[in-house]
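Colleague: First to last, the protein sequences are chains W and A. Going by full-length UniProt numbering, the first sequence opens with residue 1, and the numbers climb by one from there. Going by full-length UniProt numbering, the second sequence opens with residue 1, and the numbers climb by one from there.
Label pairs and their in silico Cβ distance ranges:
hint, chain 1, residue 1, chain 2, residue 2, range
1, W, Pro239, A, Pro92, 31 to 41 Å
2, A, Thr69, W, Gly74, 28 to 38 Å
3, A, Val66, W, Glu68, 35 to 45 Å
4, W, Lys209, A, Lys220, 34 to 44 Å
5, A, Thr119, W, Phe67, 30 to 40 Å
6, A, Asn237, W, Gly131, 29 to 39 Å
7, A, Val66, W, Lys209, 23 to 33 Å
8, A, Arg90, W, Gly284, 32 to 42 Å
9, A, Lys240, W, Ile281, 39 to 49 Å
10, W, Leu235, A, His53, 25 to 35 Å
11, A, Phe217, W, Lys54, 27 to 37 Å
12, A, Phe255, W, Arg243, 16 to 26 Å
13, A, Pro112, W, Lys56, 36 to 46 Å
Since the hints were made in silico from the structure, they are not lab data. The beta carbon of each residue, even a glycine, is placed where N, CA and C say it ideally should be.
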Amino acid sequence: MIVSIASGKGGTGKTTVATSLALYLNGKGQNTVILDCDVEEPDSALFLKPVLNKPKTVDIPVPTVDFERCTYCGRCAEVCAYNAIAVAKKTVLVFPELCHGCGGCALFCPEGAISEVGRDIGVVEEGDASGIKFVQGQLKVGEPMAVPLIREVKRRGIKENKEIVIIDVPPGTSCPVIKSVEGSDFVILVTEPTPFGLNDLKLAVETVKKISIPFGVVINKDGIGDSGVDLYCELERIPILTRFPFSREIAVAYSKGIPIIDAGVEFRQKFEELYDTILSIIQGGL
Amino acid sequence: MRQIVIISGKGGTGKTIIAASFAALAKNGVAADCDVDAADLYLLLHPEIKERHKFKGLPKAEINQVKCTGCGRCLEVCRFGAVKKQVHDRSPLFLIDPLSCEGCKVCYYACPEDAITMTESVSGEWFISETKYGPMVHARLGIAEENSGKLVAIVRENARSVALERGLDFVIVDGPPGIGCPVIASLSGVDLALIVTEPTLSGIHDMERVIDVARHFGVKTVCLINKYDINLENSGNIEKWCERNKIPVLGRIPFDNSVSESVVKGIPIVEYMHNMVTQRIKEVWWEISEVKGE
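Chain W on its own, in the form it takes in the complex (with noise of 0.2 Å):
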């Protein structure tokens, strides 16, 4: 089974949510993995500190011009979508970081005078934090493109069906969010009781509705905003899954790295609840 953790807007407890599920299910005695998307920047591993193994370098590929071969005919540049190369009188120009990998450009160079080379947009990462499964990407610093990366994270994380795999979203409603998610079996949106929360959940749920995933909100924070949240998804007939409140205390506790559900009995019974909910979820839509 695979859980997505996502919402709109950042900073609503993504990882909160994500890192302290995955204990809770590794607690329980379940096998457990956990990916952390957000590969722009990845923070479960704040949370769960896992022994990461050496990290693998990812790359994709990009043209690279063979000019005893070239006769600057400019096909290359005429397929390439992307501008990411320009043919000039004697000379071909690639532009790299323009460049999406889809190998149009070598595919179709009558000559033969492309290939292609690896170029490096990041590192994934895996590892075990006491019994989880854990791999993450990091993006290189610079580097605009994280879907690539994105994909290689979940190559490596989801391997067999025996396990529950966590998955941490990055924020956002575009394509790097719909990577992440897709596969997944359910989705858990989370956000926070104000009105930038409410903006951003209703874009999630359109989201999420657009790859029919079924899915559920956590209220994090409850209590600093007003009941806009709470009135939408009654209309919408959303479930609300679980709830955690606001306090100075988790505020801290979280300001240290202390997953939630180490501050505090209640917040292991609020992950029961949480799971087995999206459990008679799963069950009942089949």
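Could you slot chain A onto chain W? The hints should help.
Modeller: Showing chain A alone in chain W's frame:
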């Protein structure tokens, strides 16, 4: 005219609250919401839309099922897993999954039957608006779309031209979380990046990464610690780190419930009340707006 971007790496540190306050304090600036995935600045600035423009992403592939002979060449050449094969009445049917298609056109060129067309679709909208505090440029990326960097670039470009046309002194950019494509588009060519961080381990980790990105692109960077009193030890560590890395820390904002209250009311906090939080935000703005561009 100076362009100032507010970013943080980590989400939820208070970027939008600061950006809205700066827009209210500046009185001669353009606000630009570059978090096109989850734009919230409008909830505090209440823009009245004056101009509406469509944003077109890259055209995506579509297969003409009449022309398609089912040879499977498209599936072979697509590197993004966007071509899906189904079997109907024992014959193969090839379809494009628009959520996976990156618009590379390789299938379009490779198809021996010319059965693939590239269809342009509207993948968002962008707006030029008026607010109580001055003009605002903002956008809405369609759900599940790509190219947010391109849409950010459009918002930036238009905010800049509005500022130039009207002789305004500032463009205040509310940036997205993260360090990837839309963040790079929000950062490029700005005069100053203000990093809003918080004294949590995640806040620190993410701040360090986003500062590295700002440096990578040669942008002058300053820092602001929000909710600094949640963990004084971590706040001290942020200050030490910034000192070592020559990043000026311009302010420390205490945690206060009035911030959430102002969001619920939909008012930039500096307009909502006067307290320690708003005093500190104002001090940072005065410092930033008086520093002349280099």
